[in-house]
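Construct the entire structure; sequences and hints are all you get.
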Amino acid sequence: MKEILPYLKPYRGRIALAMLLVAAATVCDLLLPTLMNDILNNGVRQSDFAYIVRCCAWMLAVAAAGLAALLAGRKISCDVVAGFNADLRTDVFSLVNNMTFEEFNAIGAAALLSRSTYDIGTVSWVASMISGSLITIPVLFFGGVILALRKDVTMSLILLLFVPAIFLIVRPISKRIGPLHETSDKYIDIQNDVMRERLHGIRVIRAFNKEASLQQKIADATHVMAENIINANVQMGLLSPAAVLLVNLAGVAIIWLGGWRMETGSHAISGGDIFAIIQYLALVANGVLMGGFAMVMLPHAKVAADRIGEIFHATGMQETAKGAEHTFGGEIAFEHVSFRYEGASEAAVQDVSMHILPGQKIAVIGGTGSGKSTLVQLLLSFRLPTEGQILFDGVSASQIDRGVIRKNISCVLQKTAVYSGSIRHNIEMGRPGAEEADILEAADIAQLTPFLNSLPEHLEHPLQQSGKNLSGGQKQRLCIARAILKDAPIYVFDDSFSALDFLTEANLRRRLNEKIQGKTQIVITQRITSAMNADHIFVMDRGRLVDHGVHAELLSRCKIYQEIYASQTGGDAK
Amino acid sequence: MKQEQKTHVSADALIQLLKGAKAIRWQLALGVLMSLVLVVCALIIPTQMGALVQLLIDYFDAPKMGASVLAQLAPGLLAMAGVYLLRAAVSYGKMQLLNRAVSRYFTCNLRIQISDKIQRLPVSFVDHTPVGDILSRMTEDVSRIGNSLHTVLDTVTGGFLQILAIAVVMFLQNWQLSLAVIAFMPVSIWLSAKIAGRSETYFHQMFKQSGELYSVVEEAYTNYATTKAYNLEEHCARRHAEINDARRVSEAKATYLSAIVQPVIAASNSLAYIAINLLGGWLIVRQGVPVGVIVTLVLFARQFSEPLEQISNGLSTLQQAKAAARRVVDLLELPEEAPIEQDLPAGGDGSVEFRHVDFSYEPDTELIQDLNLHVEKGQHVAIVGPTGAGKTTIVNLLMRFYDVDSGSILLSGHDIADYSRASTRDRFGMVLQDTWLFGGTIAENIAFGKPDATREEIIRACDEAYCDHFIRTLPQGYDTVIGSDTVSISSGQKQLLTIARALLAQRELLILDEATSNVDTRTELLIQKAMDRLMRDRTCFIIAHRLSTIVDADLILVLRDGRIVEQGKHRDLLEKKGFYYEIYKSQYDIA
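Line order of the protein sequences matches chains A and B. With the numbering used here, the residue at position 86 of the first sequence is 1112, and numbering never jumps. With the numbering used here, the residue at position 41 of the second sequence is 87, and numbering never jumps.
Hints are computed from structural coordinates only; laboratory data are not their basis. Glycine included, each C-beta is placed from N, C-alpha and C at the ideal position. A few of these clues could be false.
With a cut-off of at most 20 angstroms between alpha-carbon atoms, the simulated EDC-like pairs for lysine to aspartate or glutamate come out as follows [claimed, not checked]:
| hint | chain 1 | residue 1 | chain 2 | residue 2 |
| --- | --- | --- | --- | --- |
| 1 | B | K623 | A | D1527 |
| 2 | B | K68 | B | E379 |
| 3 | B | K163 | A | D1219 |
| 4 | A | K1328 | A | D1117 |
| 5 | A | K1243 | B | D461 |
| 6 | A | K1441 | B | E279 |
| 7 | B | K615 | B | D598 |
| 8 | B | K615 | B | E628 |
| 9 | A | K1243 | B | E490 |
| 10 | B | K163 | A | D1246 |
| 11 | B | K299 | A | D1105 |
| 12 | B | K540 | B | D509 |
| 13 | A | K1236 | B | E279 |
| 14 | B | K163 | A | E1237 |
| 15 | B | K540 | B | E570 |
| 16 | B | K254 | A | D1113 |
Examples of chain B residues toward chain A, derived with CB under 7 angstroms [as the list claims (entries may be wrong)]:
| hint | residue |
| --- | --- |
| 17 | L143 |
| 18 | N145 |
| 19 | E297 |
| 20 | V341 |
The structure is reproduced here in structure tokens:
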């Protein structure tokens, strides 16, 4: 909550103005029955029609003023809520983009996504609901009470009694609703999970003829969810009839009290006054009821606000040295680099030293968990080494601006990244504003030309979100084209050829080598055929660099390299 | 014109859904009845109240000695209290009824209906429809229909009846005053409908922009690392800001327009209120109409605003319900796979035959043409070819995930198209590259193809698949729940689990995918050993990656661009020096 509230600060002037306007409108609302009371008490009783007309003119003026004030107030508050919403979205988005990888992974992309969208939506929805009633509630309440007090003190006490009565109803309801929503949320997740599982696993499920049992699982989850939602709604639904009943019974009590006082003759009160008090009662009740609804909604908003609040606790990337922009020569050195993920008992990378010369073609090979992808993250300054240092052209990476490092490294990461937009848009991201010929050349080197030619829109072919309409190999080639276009002194390919067949890879690598001749090239791979032609091969295992050399050397002396070779050539092709 | 037609169609969709709601028609009828009771209550109350206030005013002006005003008030007050209680009870009951019948039907049954529908849809539908789209129909659209139908039903049964009844009773009380009140009604309905219509446009815009914003954020978070590696943070932020700004404008407009509906109605109501005062004053002063009548009419006029707001609300939500209903009905009406009751006869020689099979995913791009092949029991068929060449097409046809366009596939001499899909699938075991495990315990996952398997059988299968050891190292062993964040199972281990699953299922035919990406070498050796054990004595279709599998295969199918370009044994294919030879060279003689 406390992280979110400051976002209202820039709007405080306007919020105050809106409140004032809404308060004025509410006062106008309250004045109407008062004026009517005057008509009944004075105009009608004295048969003074001119007085009645005057009063009506006043009423018209008051109603017009009230409408104007309300419209203006609503306009301001809608603008404020929309602005607050947009500000929060912008800031949360940039906060997340500035997180460290640890922070990002700790919450997870899916959760961050719902926080950046739904949760903000919930908070601002409740904000708009409350902003509409926040000022109206007290004005209606106190206004009604004061006006009623002017008419009669004891009768007004009945109005005041109304407050604790309503809250007696509201409190247990809002207490019960929270857990119901929590449970139903949980089962919505289950329902969605099973459904998603079913759609993704449709082949296996059908192969085992298990559709019916999963259908049952979904039905069960849906029943529990519906049960909880319905119960929550029923609880909420209790509030309104109960409150209305209370108001009405209070009205009955007021009439009875009026009759009793007339009969006994003490503190007699006019019929017009009694009617006025009954109308005030409706206003007061309205205010209190609005407050009740707000109270019921608040817990929901608080949950959402707290979830967003976590994002504000992220420290984000620390600033590195602001080095001047320059182009690297392509020499890279790892000096006793170790990296340990936070909370991990073992280091992901342990005491790795390597020296890569400009223009060298390097391969890093190893199985899963060998730490080779962590090397890429360290190289790109996504994470900082816990020990040791990385040097570019002999300058420590910590002395160079992160943005400059990334500008000098063109990489294809293990997880292919496709952005919605055209194929051209996706490739051009490597070098915004690149010439058409360069884009086509990059695509051609990445072996995309036959694919492009099969598309009527060619480069303009639209890609769906996350490249759903592309195969794994097409996605990889697209990302490779993007990297080729980027034109940097250092190229990194992290498991980037895994979805390509060997023939395509061979053609691609040949063209690639011609294109980036003289630039440093690092290929991270598990595939022996992707590594064996490198100038120098580094073998990683369990976070350590176990050996390095050329293919023939490693094949003759490195046990792990031999194992990989044997397993991938079927064991019998040695 | 086109737009008009579209709305017409969607109105039908809503009616179709309502027709489907036959099961709850009695509840709906009861709901209407309760609304009637509420309307009657709403009529009695102001009339009574007016009479009582009149009584008080008369008594105050001219207290009659001896006559007890309380005695006169008592029956009326009691009656009112009774009516209030009745009204509260009925409106609570109606709320319960609508929630329990309508919401249950629409939030629960409709979802289950959709989920049920998926079972009977062809795999091709699921392949071509984004998962998010189906999910959003099942959750968002259904709840949108439920919510708005709730409002609409309330409006239809309550609002209109109430307005009508109030109008009639008011006329009976005093026609001049009633005319004054009712004169404002069409104006406020027209105004609010107009405003709601315009807000709809902006809401639509805002929803669309929210969707775009969602995509930008989703994209930025899923591509987190690449975005940073290419220094694209600002680019993303700019796009986000652009859409966010546009969205802010639409939101402000949409919410403002919908926020002023209520004040506008309230204002027109105030006008009616003033008109009653003016006209009423004149009537009382000049015509001697009793004050109680005015009180009654003022109360009625106040009551008018509630159904009016309801109706204008209902009008705008109806639009949403229509659009959502269209999406749901579209899904529910998709053509289903034709059910076949008869099961494939048991036994037979266990051979598999493709006879003149033609198949394509899309009508104008031919894939498989006149494929013929004959596989004897126990033979191994290796399917090789570059990525994206359609190796899974063969699997799709064998398992009847897709049906052949012409020709036939025979199992032990029987055309599988003549028998139920389930009975064909029962013959096959499958280990795919995309290791699919569902959220449940390890034991449940292993026993997926044989739910009645004993723990001993499960353990034996796991032992044979070399995963017994690692399962025992997990916190709850075989009862460890997969999918919770606390347990991490590597992709190689997952593969072993699916092999154990296939071993336990004991099917005579087998479909295997050898590709094991992201697996360390030791696990890969285990996987190979387990697969070898699985393949022994079974007829196998293998999407092959290992040289030994290919060399030893009884038949090799070479695929390129979705077509089978060559088939035969290793030695014969090498001698042909065709595409197979090319692949073989590039893969194993790259040095």
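Each hint, compared with the structure:
{"no.": "1", "hint": "K623/B - D1527/A", "verdict": "holds, 19 angstroms"}
{"no.": "2", "hint": "K68/B - E379/B", "verdict": "holds, 18 angstroms"}
{"no.": "3", "hint": "K163/B - D1219/A", "verdict": "holds, 17 angstroms"}
{"no.": "4", "hint": "K1328/A - D1117/A", "verdict": "holds, 19 angstroms"}
{"no.": "5", "hint": "K1243/A - D461/B", "verdict": "violated, 34 angstroms"}
{"no.": "6", "hint": "K1441/A - E279/B", "verdict": "holds, 18 angstroms"}
{"no.": "7", "hint": "K615/B - D598/B", "verdict": "holds, 9 angstroms"}
{"no.": "8", "hint": "K615/B - E628/B", "verdict": "holds, 15 angstroms"}
{"no.": "9", "hint": "K1243/A - E490/B", "verdict": "holds, 14 angstroms"}
{"no.": "10", "hint": "K163/B - D1246/A", "verdict": "holds, 16 angstroms"}
{"no.": "11", "hint": "K299/B - D1105/A", "verdict": "holds, 8 angstroms"}
{"no.": "12", "hint": "K540/B - D509/B", "verdict": "holds, 14 angstroms"}
{"no.": "13", "hint": "K1236/A - E279/B", "verdict": "violated, 45 angstroms"}
{"no.": "14", "hint": "K163/B - E1237/A", "verdict": "holds, 11 angstroms"}
{"no.": "15", "hint": "K540/B - E570/B", "verdict": "holds, 12 angstroms"}
{"no.": "16", "hint": "K254/B - D1113/A", "verdict": "holds, 19 angstroms"}
{"no.": "17", "hint": "L143", "verdict": "violated, 10 angstroms"}
{"no.": "18", "hint": "N145", "verdict": "holds, 5 angstroms"}
{"no.": "19", "hint": "E297", "verdict": "holds, 4 angstroms"}
{"no.": "20", "hint": "V341", "verdict": "holds, 6 angstroms"}
The earlier numbered hints that this structure contradicts are 5, 13 and 17.
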